[in-house]
Structure formats: structure tokens, C-alpha cells
Amino acid sequence: MTDTLFSPFTLKNLTLPNRIVMAPMTRSFAKGGMPNKDIAEYYARRAKNEVGLILTEGTHPERPGAGNDPNTPFFYGDALAEWKHIVGRVKEEGGLIAPQLWHTGYMRKPGAGHFPDAKSDSPSGVTHTGAKVADEPSESEVADMVDSFARSAGYAKELGFDAIEIHGAHGYLIDQFFWDVMNKREDRYGGGLVERATFAGEIIKACRKAVGPDMPLIIRLSQWKQQDFSQRLAHTPDELGAFLQVFADAGIDCLHCSQRRFWEPEFEGSDLNFAGWAKKLTGLPTITVGSVGLTGEFVAAYSGESSKPASLDKLNERLDRGDFDLVAVGRALLQDPEWVLKIKHGREDELQDYTKEALATLY
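Start counting the sequence shown at 1; every next residue gets the next number (my numbering).
Simulated from the structure, these hints should not be mistaken for laboratory data. Think of the CB as a built atom: it goes at the ideal place given N, C-alpha and C, for glycine as much as any other residue. Treat each hint with caution, since some may be false.
Computed list of lysine-lysine pairs in DSS-like fashion (alpha-carbon distance at most 30 Å, straight line) [what the hints assert, rightly or not]:
#1 Lys48 - Lys119
#2 Lys184 - Lys157
#3 Lys37 - Lys342
#4 Lys132 - Lys119
#5 Lys356 - Lys12
Using C-beta positions, here's what the derived DEER-type ranges look like [unchecked claim]:
#6 Asp117 - Thr295: 14 to 22 Å
#7 Pro110 - Glu297: 25 to 33 Å
#8 Glu317 - Pro116: 44 to 52 Å
#9 Gly191 - Phe115: 29 to 37 Å
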């Protein structure tokens, strides 16, 4: 049942040894925005234990209001030397690694983050409740947001990363541009769902220009938002297809489709999940994610809920029939760096429960 899971997969010019991706997970151990040797060893342990592709925790491009936590990492300036060390350690262990570029937008509370006096970026100065609290950013300000992602993408290539992921999910800045509640713009960045995808499309194009034609670009997307779990951007396959085509046309190579529970169907009348529909509609490779390998879903984990190991049979069935191409694993890999090898060699009796204490360590 795990033959496909442990088969190679080629994404653009990058060949992964298996289909398992380490999901990006915020850890908050980069004091003052600076990665460190403990973080390097945390990723190196996963590489040593045969994770196919490591997606780092979210890292911030060069906008003062990009981060909402002073202990999440920068991806510019002095932090780049530390990221170079991290890349080196992962390569020493035979691994592949991609940074996730992440701007929190209006998820950042006033006065929070690395630069408390900085203003928060947003599409329109409107909160998720529809309250107008600031002026709408000018087109030149939006252009600088785009450029900040591209600059960090260029740094990633220079440092030897293997791919790049752009965080466009979960109610953060890019996703706020997608969301009609928060994006009230009347220029080219606003309007219907396809038009609201323009900001992300420009980021993809700018990142592609910065890294060249061969480096794989991934975008993480979700229907749900942290501010509203029931929120949906696309209500039909046609709407979803038109939305995703913006990214395909811009030059994205892979769609990372986030769900809280990977087994849930995206639309009535089909058991295809989000990643399944995204692949069917665009033909692009997709990554599925959402409570893989555990009984409980990850949002509940932040309130202290533990989870037990769960069967991968349904996941493998969907992977075998080609619904999606790659599988992102979060908490199970956070809890246990040897998770991949235990699955590969049938050591399921050694799998660990996930507990909230795992969040307090970089084991």
C-alpha cells in the first residue's frame, strides 16, 4: 500500500526520492528573526530520516509589518547567512529544502512582531469583520509588497535552496487579497475572484523572474481562513478552475492545497478533495495536506488536543489513483523525525502520539 508513497517524483527539474513533504510549521525559535544552529539540526534530522522535501516554517520577506511574532525568521539581511548554514546541513544529510515565504498581513496585531511601530499591510485597510481601520495601500505600496517576495526568492536561489513556496493560504496577506470581505479595491487588484488573484499572480511572475525558468515554485492555498473556518473562495469547480488558472498562467509549478482534513470532499457529487480537484482542473502537480497520519486535526492541537497515529490506507488509495502527487505531513513529523522511516519499514507499532509538548521543543 505504500509503493506509490515511496516512489520518486519529478517536479520541474527537481526529483524527490519519495512523495512525502514536511509541511511548513511555525516554531517561533528564531529569536529576533534570526535562525540558529538548533533550527538547522531540527531540519537536518528530518532530512537524514528521508523526508522527500522539507518546506521550512514561514519566513518573512523584507516588509516591516510582515511578521506577527518577534521569534519567526526573516528571509533577508543578516538572517541569510544562517539560512545558508541550514541549507548546508540539510544537503549534508541528503535532503531537499524550500523556504516558505510568508507575510501575515492583517493577521498581525498592532504593535506586534519584529518592528512594533510598523504598520500592517493589507489589501484595503479593512479587517476580516469588514471594519475600515486604515487607508487602502497605493498601487506603488502593493508593488513593493510584490517585490519583497521576489527579492527573497532571489536570495533563496543564491543560497542553494531547491524550490520556493509562497504562502497564499490561511487568511494571511495573499489570501486576504483573495477574500472579498477584506479586498475592497477597485483597481486591477480588486473585483471578482479571478481579479482578486492578480496580486498573487504578480508575485509568482516576479519570483519566476528572480529565480529563472528551472527552479520549482509552489503556492499554498486554502478555502478556509483562520478567521473563518467555513469561508470558501470558490463554490463550484468552474469558479475554482478559473481562480487556479491565474497561477498556472503566471508560471506556478505546484499547488499545495490545504485542508483541515485531507479526506473531506471539496464539492458535492465527487469524493475528490481540494488537491484532487486542483490537479483535475489545471493538470498541475498538487500536494495534499490536512491531518495526515493522525486522528485529530491540527487546529485543535493548538488548544492542547493530543492525537493518535491513524491509518494511511485512505491516503494511499487516493495517491495510487492519481488524485494528487505529494503528501505534506505536519504534526506527525514535528513529533517524530523518524516518522518517514517507520512508515517505510512497517514499524507502525513505534509511531508516537502527538502531544502539545512537541510544540515546546525543536527535537
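Under the criterion that the straight-line Cα-Cα distance not exceed 30 Å, is the pair lysine 184, lysine 157 satisfied? At roughly 35 Å apart (the allowed maximum being 30 Å), lysine 157 and lysine 184 break the hint.
Next pair to validate is lysine 37 with lysine 342; report whether the Cα-Cα distance is within 30 Å. Measuring from Cα to Cα gives roughly 26 Å; hence the hint holds.
Can you let me know if the beta-carbon spacing of glycine 191 and phenylalanine 115 is within 29 to 37 Å? holds, 32 Å
Next pair to validate is lysine 48 with lysine 119; report whether the Cα-Cα distance is within 30 Å. With Cα atoms ~41 Å apart, lysine 48 and lysine 119 exceed 30 Å; violated.
Quick one, are lysine 132 and lysine 119 close enough, alpha carbons at most 30 Å? holds, 15 Å
Compare the distance between the alpha carbons of lysine 356 and lysine 12 with 30 Å, and conclude whether the hinted pair is satisfied. Distance of about 37 Å is beyond 30 Å: violated.
Quick check: does the Cβ-Cβ distance between glutamate 317 and proline 116 fall within 44 to 52 Å? For proline 116 against glutamate 317, whose Cβ atoms are near 49 Å apart, the range 44 to 52 Å holds.
Taking 25 to 33 Å as the stated bounds, is the beta-carbon spacing between proline 110 and glutamate 297 within them? The hinted range 25 to 33 Å holds for proline 110 and glutamate 297, with Cβ atoms some 30 Å apart.
Is 14 to 22 Å respected by the C-beta to C-beta distance linking aspartate 117 and threonine 295? At 44 Å between Cβs, range violated.
In this structure, the earlier hints numbered 1, 2, 5, 6 are contradicted, and the remaining ones agree with it.
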